[in-house]
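Participant: Sequence:
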Amino acid sequence: NEVIKPTINGVLDIMKACQKAKTVQRLVFTSSAGTLNAVEHQKQMYDESCWSDVEFCRRVKMTGWMYFVSKTLAEQEAWKFAQEHDIDLITIIPSLVVGSFLMPTMP
Numbered sequence: 001n002e003v004i005k006p007t008i009n010g011v012l013d014i015m016k017a018c019q020k021a022k023t024v025q026r027l028v029f030t031s032s033a034g035t036l037n038a039v040e041h042q043k044q045m046y047d048e049s050c051w052s053d054v055e056f057c058r059r060v061k062m063t064g065w066m067y068f069v070s071k072t073l074a075e076q077e078a079w080k081f082a083q084e085h086d087i088d089l090i091t092i093i094p095s096l097v098v099g100s101f102l103m104p105t106m107p
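Heads up: the sequence shown begins at 1 in the UniProt record's numbering, then just goes up one per residue.
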């Protein structure tokens, strides 16, 4: 769709450019809490094995569901690409990011 595919492709394009440059030593991916806690049943604690439930998000379609799905799938693809191409990838999850939307309306 209009949000999910471009998000995934954008992340992979950046990673390919970093790999091609041969000077990038580490890639820091700014993630989102939406990649780990959009699940049917909330947990007491989250770790690196926790991911938002993409099928749950698609089924329920809560506010911002496309954002949760796109960020989750993009980060999963980033990890896969990093492992396949020996890229040192780090993700950070800031607690809150505030600012204007890039799109005129929230998906």
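Hints are supplied without guarantee of correctness; some may be wrong.
In silico DSSO-like links for lysine-lysine, alpha-carbon gap of 27 Å or less [as the list claims (entries may be wrong)]:
| hint | residue 1 | residue 2 |
| --- | --- | --- |
| 1 | 5 | 80 |
| 2 | 80 | 16 |
| 3 | 16 | 5 |
| 4 | 61 | 20 |
| 5 | 22 | 43 |
| 6 | 80 | 43 |
| 7 | 61 | 43 |
| 8 | 5 | 61 |
| 9 | 22 | 80 |
Simulated DEER-style distance windows between Cβ atoms [to be verified]:
| hint | residue 1 | residue 2 | range |
| --- | --- | --- | --- |
| 10 | 22 | 43 | 39 to 45 Å |
| 11 | 77 | 46 | 19 to 25 Å |
| 12 | 103 | 37 | 18 to 24 Å |
| 13 | 100 | 22 | 20 to 26 Å |
| 14 | 22 | 60 | 26 to 32 Å |
| 15 | 45 | 13 | 21 to 27 Å |
| 16 | 88 | 51 | 16 to 22 Å |
| 17 | 104 | 83 | 22 to 28 Å |
Rather than coming from a laboratory, the hints here were simulated on the basis of the structure. For glycine and all other residues, C-beta sits at the position ideal for the given N, C-alpha and C.
Participant: Each hint needs a verdict: does it hold in this structure or not?
Facilitator: Here is how each hint holds up against the structure:
1. Straight-line distance between C-alpha atoms of residue 5 and residue 80 comes to about 16 Å, which keeps the hinted pair within the 27 Å bound.
2. At roughly 13 Å between alpha-carbon atoms, residue 80 and residue 16 fall within 27 Å of each other, so this suggested pair holds.
3. A distance of roughly 16 Å separates the Cα atoms of residue 16 and residue 5; the hinted pair therefore holds under the 27 Å criterion.
4. Distance check on the hinted pair: residue 61 and residue 20 sit about 38 Å apart at the alpha-carbon level, beyond 27 Å; violated.
5. Between the alpha carbons of residue 22 and residue 43 the distance comes to roughly 40 Å, so the proposed pair goes past 27 Å and is violated.
6. Using a Cα cut-off of 27 Å, the hinted pair residue 80 and residue 43 holds, with the two alpha carbons roughly 25 Å apart.
7. Between the alpha carbons of residue 61 and residue 43 the distance comes to roughly 20 Å, so the proposed pair stays at or under 27 Å and holds.
8. At most 27 Å may separate the alpha-carbon atoms for a hinted pair to count; residue 5 and residue 61 meet this at roughly 17 Å.
9. This hinted pair checks out: residue 22 and residue 80 have alpha carbons roughly 19 Å apart, not beyond 27 Å.
10. Separated by about 40 Å at the C-beta atoms, residue 22 and residue 43 satisfy the suggested range of 39 to 45 Å.
11. For the pair residue 77 and residue 46, the supplied restraint of 19 to 25 Å holds, since their beta-carbon distance comes to about 20 Å.
12. Between residue 103 and residue 37 the CB atoms are about 23 Å apart, so this pair conforms to the stated range of 18 to 24 Å.
13. Take residue 100 and residue 22: their Cβ atoms lie about 35 Å apart, and the range 20 to 26 Å is violated.
14. Distance hint for residue 22 and residue 60: a CB-CB separation of about 43 Å, inconsistent with the stated range 26 to 32 Å.
15. Evaluation of the 21 to 27 Å hint for residue 45 and residue 13 yields a failure: the beta carbon distance comes to about 34 Å.
16. Distance hint for residue 88 and residue 51: a CB-CB separation of about 21 Å, consistent with the stated range 16 to 22 Å.
17. Hint check: residue 104 to residue 83, Cβ distance near 37 Å, so the stated range 22 to 28 Å is violated.
Comparing the model with each earlier hint shows violations of hints 4, 5, 13, 14, 15, 17; every other hint is respected.
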